[in-house]
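Chemist: Chains as they are written, first to last, in this note's numbering: chain A, 1 to 272; chain B, 1 to 396.
Don't take every hint at face value.
When the alpha-carbon atoms are kept at most 25 Å apart in a straight line, the in silico PhoX-like pairs for lysine-lysine are as follows [what the hints assert, rightly or not]:
no. : chain 1 : residue 1 : chain 2 : residue 2
1   : B       : K274      : A       : K197
2   : B       : K150      : A       : K209
3   : B       : K146      : A       : K268
4   : B       : K190      : A       : K268
One side of the interface only, derived from the structure: several residues of chain A facing chain B at Cβ under 10 Å [said to hold, decoys possible]:
no. : residue
5   : E24
6   : E62
7   : V63
8   : D64
9   : A84
10  : Y101
11  : A130
12  : T171
13  : L271
Not close to chain B: a few residues of chain A, all C-beta gaps over 10 Å, as computed [said to hold, decoys possible]:
no. : residue
14  : A34
15  : K37
16  : E49
17  : A53
18  : D56
19  : P72
20  : S88
21  : K141
22  : D200
23  : E222
24  : T223
25  : A229
Source of the hints: derived by calculation from the structure; they are not laboratory data.
Keep in mind the model is a prediction, meaning the values are calculated, not measured.
In this text, a Cβ means the ideal position worked out from N, Cα and C, and glycines have one as well.
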Amino acid sequence: MRISGLVGASALTFVLTSGAFAQEASLDLVEPIAEYKIYVSEKLAKLVEDTTAFTDAVKAGEVDKAKELFAPTRLSYEAIEPIAELFSDLDASIDSRADDYEKAEADPEFPGFHRIEYGLWEKNSTEGLAPVADKLLSDVKELEGRIASLTFPPEKVVGGAAVLMEEVAATKISGEEDRYSHTDLWDFRGNFDGARKIVDLVRPLIADKEADFLKTVDANFETVDTTLAKYKDGEGYVTYDKLTDDDRKVLAAAVNTLAEDLSTLRGKLGLD
Amino acid sequence: MSSSDPQRAGGPPSRLTTIALIGAGVLALAGGGAFYLASQRAVRPSEPGTIAVRVGDKSCEPMDLTVPAGRSVFEIENASNRPIEWEILDGVMVVEERENIAPGFRSQLAARLKPGVYDITCGLLSNPRGKLTVTASAHSEAEKVKPPLKAFIGPLSEYKVYRALRSNRMIQAVGALSTAIDAGDMDAAKSAYAAARTVYRHVEAVSGRIADLENAIDPVATYLAGREQDPAFTGFHRIEFGLWHEGSVTGLKPVADKLEADATTLRDRLKAVKFEPVDLAGNAAREARRLAEGPVISGDNLYANDELVEFAAAVDGLEKPVSLLVPLLAEASPEMAKATTDAFAAVRAELGKLSGSDAAPVIYSDVSPDARKALAADLVALADAIDRINPALGLE
Ligand SMILES: [Cu+2]
Chain A
1 MRISGLVGAS ALTFVLTSGA FAQEASLDLV EPIAEYKIYV SEKLAKLVED TTAFTDAVKA
61 GEVDKAKELF APTRLSYEAI EPIAELFSDL DASIDSRADD YEKAEADPEF PGFHRIEYGL
121 WEKNSTEGLA PVADKLLSDV KELEGRIASL TFPPEKVVGG AAVLMEEVAA TKISGEEDRY
181 SHTDLWDFRG NFDGARKIVD LVRPLIADKE ADFLKTVDAN FETVDTTLAK YKDGEGYVTY
241 DKLTDDDRKV LAAAVNTLAE DLSTLRGKLG LD
Chain B
1 MSSSDPQRAG GPPSRLTTIA LIGAGVLALA GGGAFYLASQ RAVRPSEPGT IAVRVGDKSC
61 EPMDLTVPAG RSVFEIENAS NRPIEWEILD GVMVVEEREN IAPGFRSQLA ARLKPGVYDI
121 TCGLLSNPRG KLTVTASAHS EAEKVKPPLK AFIGPLSEYK VYRALRSNRM IQAVGALSTA
181 IDAGDMDAAK SAYAAARTVY RHVEAVSGRI ADLENAIDPV ATYLAGREQD PAFTGFHRIE
241 FGLWHEGSVT GLKPVADKLE ADATTLRDRL KAVKFEPVDL AGNAAREARR LAEGPVISGD
301 NLYANDELVE FAAAVDGLEK PVSLLVPLLA EASPEMAKAT TDAFAAVRAE LGKLSGSDAA
361 PVIYSDVSPD ARKALAADLV ALADAIDRIN PALGLE
């Protein structure tokens with residue numbers, strides 16, 4: 001789920017400086033954009049596979065198994081969230097929160113992963129979730145099909161890294177995304193990996209001119225990595241409430257800086 | 001899409017419950033939330049020409065906006081009693097957005113917009129959307145007939161992805177072919193062969209120009225001194241000769257292994273090919289002419305006789321790069337965009353007419369010289385249509 005919360009400072013930077021970069025976009029972007037699409041396609045293939053197993057478990061009434069599969073299944077979705085703006089309708093049906101609906105959790109329209117999460121953790125049950133599971137799987141498959149034939153606008157890909165970091169800074173950091181399961185750290189893993197992938201792919205284009213910028217960005221990604229690593233548990237992560245106040249502050253600071261810094265990436269690549 | 005913003009105090013009761021549920025979130029306020037709220041206040045004085053949009057509980061004010069193409073700055077005021085998002089939507093794609101604008105706050109958003117009609121969101125998902133009309137400017141009109149270089153990055157990337165995926169599939173299919181030959185399974189070998197040829201045809205417009213590989217992968221006996229006995233008779237057609245003419249897999253294993261290695265090299269070489277914007281159409285037109293002059297007239301698949309199936313795949317391969325330019329072409333010249341689409345349809349119709357049915361496919365040796373000429377003429381007409389694309393996009 002993407003919420004490009006307005007982290008004012010970065011948005012302001014954008015308003016103030018767009019146009020100030022005389023930089024022209026270059027065809028050197030073709031390679032990273034193509035690579036990124038292949039990355040997304042691989043994530044989506046994995047998402048379809050994992051969502052199939054997850055929704056099968058939900059439909060079979062296997063609460064424990066479904067709970068176990070929830071966070072790992074979401075990982076691939078969270079990794080492609082930088083480009084969720086390209087499919088806002090499916091993003092809503094796959095990953096919206098109860099707050100988007102008039103009657104919140106009780107709203108029959110409340111769909112997707114978080115509707116299932118609510119059932120599994122708050123009700124400890126899969127009752128009534130079969131149609132939600134079917135819809136989720138068909139949405140995820142539709143997403144895969146749609147992405148396959150979609151030409152990625154380069155400014156959306158490059159801008160997506162910042163947009164996602166802004167969302168994490170503005171909302172996700174509070175633990176709102178996975179509020180019933182508290183599996184937020186898994187989502188963070190996906191979000192940071194997904195955003196960093198974009199930076200890594202365009203890195204060769206700016207390595208010389210923007211060495212300092214890249215150094216700062218890398219340092220912040222590393223801070224995130226080190227912090228998340230402390231909470232590693234097997235293949236995944238402990239629940240979000242285990243995060244200490246200090247570490248939460250460290251994460252928040254790193255994400256805020258990333259959001260601000262990455263909001264200049266489009267301009268640096270001539271894509272504003 | 002929006003979600004709650006748990007950091008906001010004084011929301012409706014359901015929201016407070018939410019906050020209680022996610023105690024973790026409240027603690028985070030010290031970090032992200034505080035920064036976030038502070039930043040929302042930091043709205044600069046409006047730039048001249050800033051477009052004001054007030055979002056109330058049920059709608060935007062105004063619901064109908066018109067701006068000229070180019071860069072516009074919007075200032076969104078949240079006059080409703082809950083946090084809102086404001087998005088400019090082009091179909092399902094969010095062009096620009098600001099989310100979590102707290103009640104009573106304003107937020108600015110800059111967007112560079114092309115002419116067209118967009119939706120704007122106005123708070124709750126269930127609220128009606130407003131309309132944003134972007135009118136043409138002298139600059140946007142000029143860009144239609146000469147799109148900036150960055151307009152080609154998406155199409156070029158997409159074609160690169162296409163080549164990568166096709167050539168990977170070719171490696172898989174040739175691998176399956178090799179396995180089937182090893183197992184002496186004629187049926188499996190024939191179907192793997194057909195699958196590999198289909199994807200080969202998809203990328204042939206590019207691969208056909210990598211001469212050394214083309215000579216290893218796709219030589220036709222007709223052009224070799226010793227014909228089928230020539231040591232240079234390798235690759236696909238050698239296998240085709242074995243499977244269909246000799247009806248045996250004898251001696252094909254090393255050929256298949258070599259083909260597999262060449263397919264891997266082909267993938268890497270295709271990956272390294274650097275395309276310029278002119279190459280998307282240029283390459284497709286050239287390949288259409290090559291097909292018209294050579295394979296369509298004289299036939300390529302002398303033993304399997306399934307050219308009609310392969311030509312259909314080749315046309316798909318021509319259409320891929322061209323289709324990526326069609327959205328730009330439709331802006332520059334809607335008539336030309338239609339003419340291009342029509343030319344593809346004409347070739348497909350001609351192929352369909354010749355191909356017979358699935359149950360009784362027509363073999364190419366039964367296609368008369370006149371029918372071949374007619375198909376070739378359609379391909380030439382297609383090439384002519386494709387040739388008009390680059391000048392229309394200011395590329396030549
Ligand atoms: Cu999400």
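Chemist: Decide, hint by hint, whether the structure agrees.
Modeler: Cross-check of the supplied hints:
The suggested pairing of B:K274 with A:K197 holds, with an alpha-carbon distance near 22 Å, which does not exceed 25 Å. A threshold of 25 Å between alpha carbons decides the hint, and for B:K150 with A:K209 the separation of about 20 Å falls inside it, so the pair holds. Proposed proximity of B:K146 and A:K268 is supported: the alpha carbons are some 23 Å apart, at most 25 Å. For the hint pairing B:K190 with A:K268, the CA-to-CA distance comes to about 52 Å; that exceeds 25 Å, so the pair is violated.
For A:E24, the shortest C-beta to C-beta distance to chain B is roughly 7 Å, which falls under 10 Å, so the interface hint holds. Of the supplied interface hints, the one on A:E62 is violated, with its beta-carbon coming no nearer than about 25 Å to a beta-carbon of chain B, more than 10 Å. This hint is violated: A:V63 has a C-beta 20 Å from the nearest C-beta of chain B, more than the 10 Å allowed. Checking A:D64 against chain B: minimum C-beta separation of about 22 Å lies over 10 Å; hint violated.
This hint holds: A:A84 has a C-beta 8 Å from the nearest C-beta of chain B, less than the 10 Å allowed. Hint on A:Y101 holds. Least Cβ distance to chain B is approximately 7 Å, under the 10 Å limit. Residue-level restraint check for A:A130 is violated (minimum Cβ-Cβ distance to chain B is 24 Å; threshold 10 Å). Taking 10 Å as the C-beta contact cut-off toward chain B, the hint placing A:T171 at the interface holds, the least distance being around 6 Å.
For A:L271, the suggested interface contact is upheld, since its CB lies about 7 Å from the closest CB of chain B, less than 10 Å. For A:A34, the non-interface assignment is contradicted: its Cβ lies about 4 Å from the closest Cβ of chain B, within the 10 Å cut-off. Look at A:K37: its CB is around 5 Å from the nearest CB on chain B, not clear of 10 Å, so calling it non-interface is violated. The claim that A:E49 lies off the interface holds: its Cβ sits roughly 18 Å from the closest Cβ of chain B, which is beyond the 10 Å cut-off.
Remark: the non-interface label on A:A53 is consistent with the geometry, its nearest Cβ contact in chain B lying 24 Å away (cut-off 10 Å). Listed as a non-interface residue, A:D56 keeps its Cβ farther than 10 Å from every Cβ of chain B; the least gap is roughly 27 Å. Residue-level check passed: A:P72 sits 21 Å from the nearest beta carbon of chain B, beyond 10 Å. Listed as outside the interface, A:S88 is inconsistent with that label: its C-beta sits roughly 5 Å from the nearest C-beta of chain B, within the 10 Å cut-off.
Non-interface status of A:K141 relative to chain B is upheld: no Cβ of that chain comes within 10 Å, the nearest being about 16 Å off. Against chain B, the non-interface label of A:D200 holds: every CB pair exceeds 10 Å, the least being about 16 Å. Distance check for A:E222 against chain B: the nearest CB is about 18 Å away, which clears 10 Å, and the non-interface claim stands. Non-interface call for A:T223 relative to chain B: holds, since the shortest CB-CB distance, roughly 13 Å, exceeds 10 Å.
Distance check for A:A229 against chain B: the nearest CB is about 19 Å away, which clears 10 Å, and the non-interface claim stands.
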